[in-house]
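A.B. asks: Spelled out, the chains give:
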Amino acid sequence: MTSDDVAYERRSSASVITPVVARKLAKVPFVELADGRLQGVVSSGSDIERVYVSSITAGDHGLSCNTNNNRPCGGLSGGAHACNHLRALADAAVAQYGPARVARYLKAELADGSDNLWSGLHTTTAPNRAAEVFSSFLRHLAYLEVTPSTDPLPELQWFPAAAVAR
Amino acid sequence: MLTDALTTAPTGLTEALTLVDGLDDALVQGLARIDEERAAALASFAAAFAGSPLGGRVADATGKIIAGTVTDEHLATLAGARTALLGAAHDALQTGLDTALGRSRAPWEATAVTDSGQLLSGSRSWLRELAIAGWRGVDHDLAGGAAQAVQSLLAAPGSRRLAVLLDGFAAELRAAAPVATLPRIPVRRWADLWSRALLLSQDGFASSEAVPVDGRLVILGADLHEHPTVFRVQAHALLEASDGTVRLVRTSVAAAKVDTISGPSAWRMLTAFPLLRGVLAEHRTVEVSGMALTPAGDLIWDESRAAAGEPADPFAAARVRLGSALGAATPPLDRHPAVLAEPVLLEGYAHAEGAFDLGGGVTVALDLDRLPAAGPLTPALVAASTACLGLLRWDGRWLLQPLAVQALVRKKPVVAHGGDWALGPTEPKAAKAEAAAGTAVDVLRERAGRLLRK
Numbered sequence: 000m001t002s003d004d005v006a007y008e009r010r011s012s013a014s015v016i017t018p019v020v021a022r023k024l025a026k027v028p029f030v031e032l033a034d035g036r037l038q039g040v041v042s043s044g045s046d047i048e049r050v051y052v053s054s055i056t057a058g059d060h061g062l063s064c065n066t067n068n069n070r071p072c073g074g075l076s077g078g079a080h081a082c083n084h085l086r087a088l089a090d091a092a093v094a095q096y097g098p099a100r101v102a103r104y105l106k107a108e109l110a111d112g113s114d115n116l117w118s119g120l121h122t123t124t125a126p127n128r129a130a131e132v133f134s135s136f137l138r139h140l141a142y143l144e145v146t147p148s149t150d151p152l153p154e155l156q157w158f159p160a161a162a163v164a165r
Numbered sequence: 000m001l002t003d004a005l006t007t008a009p010t011g012l013t014e015a016l017t018l019v020d021g022l023d024d025a026l027v028q029g030l031a032r033i034d035e036e037r038a039a040a041l042a043s044f045a046a047a048f049a050g051s052p053l054g055g056r057v058a059d060a061t062g063k064i065i066a067g068t069v070t071d072e073h074l075a076t077l078a079g080a081r082t083a084l085l086g087a088a089h090d091a092l093q094t095g096l097d098t099a100l101g102r103s104r105a106p107w108e109a110t111a112v113t114d115s116g117q118l119l120s121g122s123r124s125w126l127r128e129l130a131i132a133g134w135r136g137v138d139h140d141l142a143g144g145a146a147q148a149v150q151s152l153l154a155a156p157g158s159r160r161l162a163v164l165l166d167g168f169a170a171e172l173r174a175a176a177p178v179a180t181l182p183r184i185p186v187r188r189w190a191d192l193w194s195r196a197l198l199l200s201q202d203g204f205a206s207s208e209a210v211p212v213d214g215r216l217v218i219l220g221a222d223l224h225e226h227p228t229v230f231r232v233q234a235h236a237l238l239e240a241s242d243g244t245v246r247l248v249r250t251s252v253a254a255a256k257v258d259t260i261s262g263p264s265a266w267r268m269l270t271a272f273p274l275l276r277g278v279l280a281e282h283r284t285v286e287v288s289g290m291a292l293t294p295a296g297d298l299i300w301d302e303s304r305a306a307a308g309e310p311a312d313p314f315a316a317a318r319v320r321l322g323s324a325l326g327a328a329t330p331p332l333d334r335h336p337a338v339l340a341e342p343v344l345l346e347g348y349a350h351a352e353g354a355f356d357l358g359g360g361v362t363v364a365l366d367l368d369r370l371p372a373a374g375p376l377t378p379a380l381v382a383a384s385t386a387c388l389g390l391l392r393w394d395g396r397w398l399l400q401p402l403a404v405q406a407l408v409r410k411k412p413v414v415a416h417g418g419d420w421a422l423g424p425t426e427p428k429a430a431k432a433e434a435a436a437g438t439a440v441d442v443l444r445e446r447a448g449r450l451l452r453k
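The listed protein sequences correspond, in order, to chains A and B.
Under numbering that gives the first Met the number 0, the first residue of the first sequence carries the number 0, and numbering increases by one thereafter.
Under numbering that gives the first Met the number 0, the first residue of the second sequence carries the number 0, and numbering increases by one thereafter.
Treat each hint with caution, since some may be false.
[As the list claims (entries may be wrong)] If you want a taste of the chain B side facing chain A, the calculated C-beta under 8 Å gives, among others:
#	residue
1	ARG159
2	ASP242
3	VAL245
4	ASP333
Hints were generated in silico from the structure; no laboratory data involved.
Here a beta-carbon is modelled for each residue, glycine too, at the ideal position from N, C-alpha and C.
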C-alpha cells in the first residue's frame, strides 16, 4: 500500500464516486448500475408514450428488454443477441460512467484500452425484470418532484460539488 | 497570526485520531469478525473513555461486540463515543484557529427540542447490517438495502437531514459494490457517514430552536455541495444587526436532483429561490427581517423575509468586518473536524506548488478538489490570484478552499466568485455547454410528466 493510499483511507473527504459525464438524455433518459444489473430505460423511436425497459445482469450477462406495458421487445425476442435498445443502453452507460466502471460492474473482461463493451460480454437470456427496473426509473424521476430544503444539512460538508474533470 | 494555527497541532490530536482509526479499521472487516488485533484496538478505544461519563457503556459495548453480540444499543454507543473523540479534535482545532485569527465565538447555549421519529428503524437496521458485514462484506444487495428507508424519510417533513445523508452514503456503497474487490476503501469517510447516520437515527436526536433576526446580510462567498441526488448552495455571510453587532452566519438552499444533472445546469434545480440566486450572481447585500437564525449560525433562508439590497464587494466587506465578526458555536453532536469551514481573507501571499506561501516558511495547501464545475473558479485562476476569500478546512491537515479570488490574468485584474453562475454561466463557452446539458432537466421533466402517476 502506498502512502497515497494510506492518506486516502484517513480522509473524511476521500472521493468515491467519479462524477458522471453529461450526456444527451433524449434517447436513453435513465441508466443505472444497481441491483446487480446495468439497467435503464430507452425511449421508443415511434411512440412518445412508450419506453423500453432494458437490462444486462452482472456476471451472467443475461439480457432482458420489454416495453413499459410489459410486452417483449421484438428485436430481442427472448434471445441472447442484443437488440438496438440494449445497444443504446450500453452506449449510454459507457458515456455516463466510462467503460472501466461499467466493465467492472458487469464483470466483463475488456482488452486493455478497449471501450467496446460488447466484446467482453458473453450474453445469455435473462428473466424479465421490466417491472423492477421501471419502478426504479419512476423513483429516479420522483426526485425531481421532491420539494427543495432550507434545512442546514451539516452532513453535506462531506459532499463537495463535483469538480471540473481534469 | 494564522501561521501559528497552521504550524502547531493541538496536543493529543494524533492520539485521538489513532483511537478513531482503531474503531474504523474494525468496520472494514465487520464487527462479526473481530480478530485479535482489532479486539486490542477496540479495547484501547474503550480504555480512553475510562473515568468519563461514557466509560462504563463504552467498555460494556466493546466487550460484548468482541464477544460476538452486536445490538443497536452497542452500535449507538460506539458511534457516540467516536463522535465524542472527533468532537474533542474539532474543538481543539477550532480553538487553535480562533486564537490565531483573533476570532471570538459565541458559546453553545441552546434549548434542545426533540421530536421522536417513527421512520428510523429501517435506517438503524440497515446501518446494523453494514456494521456486522463490514465494508468488505458490502455486496449489491446490502448496498441497495437503504432504498426503502430513504424513500420514506424523503417523503416525511423534518427528516430530510437523515434522508440526504443516507442517500449519499448508499450511492457510494452502490458505486463501490462489491467492495471486496475494491483496491482501496475510504475507511474514515465511511465510518464518519455511518456514525453520523446512526446518531441521526436515534429517537430524540436534539435540535435547537431558531430565533427571528433582522439585519443586513453581506455574502462573503458561496460553497457548493452535491451528491447524486442533491445540489446545495451554502452562502457564508456577515449578518450586521441594527445594534451594530456583526455575526458570521451561513444560509443554504438544497434541491433534490438526479446524477445526470450536474455541473452548471444543477443551478436550474434551484428555481424556487430566484432572490438568492440573483444576489449571489450580482453580489448584492440582502435585507432580512424576521428570518430564523439557529444557535449554530444557520440562517434558515426564506425568500419572503428577504429583499435584495445594494451591490457590495465581498472582498471590501471582509477587509473591514470579517476580523471582528462573532463566530457561531457548533452543536455538540455535529462537532467533527470535517465540519470546520472558517471564512478567511488571504492577501499578500506567494504561490507554491498547490499551496499559498504565507511567508516565514509557512504554506497552506489548497483544496483544489473543492473548485466546483458549477462555478467559474479554476486552479489556473487560483494560481494567478493576489487575494483569496476562502474556507479553512481540516482533513488530516489544514486546507484552504477558495470561494472567490482577485487575480491578474494577462496583466488585467479579474475577479471570480463561486456563486457567479447562479443565474447561468457568465462565460460564453460554459454557457453554451450549459445550454446543451441543461436540456437534461427538461427531458426528464417531460418524461416524469408523461410516466409518473400512471
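A.B. asks: Against the earlier hints, flag every one the structure doesn't satisfy and list their numbers going up.
C.D. replies: 2, 3
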